[in-house]
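Chains F and H are the protein sequences, given in the same order.
Under the working numbering, the first residue of the first sequence carries the number 1, and numbering increases by one thereafter.
Under the working numbering, the first residue of the second sequence carries the number 1, and numbering increases by one thereafter.
Derived by calculation from the structure, the hints in this document are not laboratory data.
Please note: incorrect hints may appear among the correct ones.
[Unchecked claim] Example chain H residues on the side facing chain F (calculated, C-beta under 10 angstroms, incomplete):
| id | residue |
| --- | --- |
| 1 | 49 |
| 2 | 174 |
| 3 | 189 |
[Claimed, not checked] Here chain F is said to cover these stretches of chain H; the calculated rule only asks that three of the stretch's residues, wherever they fall, bring their Cβ under 8 angstroms from a Cβ of chain F:
| id | segment |
| --- | --- |
| 4 | 25-32 |
| 5 | 80-90 |
For clarity, every value in this text was computed on a predicted model and none was experimentally measured.
Each residue gets a CB set at the ideal place from its N, CA and C atoms; glycine is no exception.
Protein chains: 2
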Amino acid sequence: MKSVNIPAIAVQRLTLYARNLALLDQKGMEVVSSAGLADICGVNPAQIRKDLGYFGQFGIRGVGYYVKELAYEIRKILGLEKEWRLALVGVGNLGSALLRHAQFLDQSYTFVQVGQITVAPVKALKRLVKDKGVEIGVIAIGPRWAQQVADEFVGAGVRGILNFTPVQLRCPSDLHVENVDFTRMLDMLCYRLTLNQ
Amino acid sequence: MKSVNIPAIAVQRLTLYARNLALLDQKGMEVVSSAGLADICGVNPAQIRKDLGYFGQFGIRGVGYYVKELAYEIRKILGLEKEWRLALVGVGNLGSALLRHAQFLDQSYTFVQVGQITVAPVKALKRLVKDKGVEIGVIAIGPRWAQQVADEFVGAGVRGILNFTPVQLRCPSDLHVENVDFTRMLDMLCYRLTLNQ
DNA sequence: GTATGTGAAACCGTTCACAGCA
DNA sequence: TGCTGTGAACGGTTTCACATAC
């Protein structure tokens, strides 16, 4: 791994590459060039090579990349070899969908070893996180309670939070928070449609 | 509006400002400075002023911004004054959650006038889009069928697609697609947690 | 010959700093 | 005085172009 700072956006693209490499692998393709993968992913070939360059050299000049191998290397880079334990708060609404249809998760995460997802009444959270070694808290509850749940997750010792509410959470800076906010994406869509009449 | 190209990321932040302005308004605050809003949103004050500057002059020097007024102006910029009609494909899984718990949507969209959301068997899509004037298609179906549904939406004359599947959709360039991909956000989280041991 | 890996250049977005105005 | 609006400086990301290796 290089000592330069790796842009977060490059890491995000890595997940895109991993997904499409898995698809190529399923189709029996063994080798792919940066140009080929770039076309599928909708990015510039040089960008793929640059992104990969942050972490090492995975290709063969004059040939390309071995699909299986590159997919594995990216999974390793992203830390997806490990089994992550998640706790979900919010059994109603979005939460129940995430839980009840675990196959949805599995389908998109064939290459990820996601651990048990546990539903917990908020009060029992602290014990649960400590006993079960939960590392990631998922907040899929109404926006009104989002900050409170986040605080409890923090107090319980979770290291990261996946936030499905549109609330901007206030958390300690050493805690990692990722937001999935479809209302924002919908707003963006409306803006772009409005621009083009 | 300025004639320079407006970065998509600036527009995305506008939605963040709008949301927090609505909250400030609910709390009875009438005026806010770029510094005050920036603190709440977790961004740089100059960035807010710059973002707004793409669209006009909304503040008063030495004072700040009128909360209600700015919130309204941003809604207008984003095209959220209009009522948007959406069609949802995917009643199972994520889709049912989006539909059955409309109050979830309402809660986060108090300032948005989102139109009827219609569930349709895929075959009837074309007629539905044309008869009801649907402008945005929402794809919350299994990844396996995502591209097919997208193609049908395109054929039916939808102008934009909100894609909840992790599939990179292939669509005509004049169609607007926004992706909500929580698997990617989860991957990012895992990477960052792995970095810090 | 072909495709990677990577410095250099071009481009874009963010932040600074201050002029302009209430 | 205080805060907006904005040109300029800065920093970071993308793309180019070519040396390098198979």
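Quick one: which hint numbers does this structure break? Sort them smallest to largest.
1, 4
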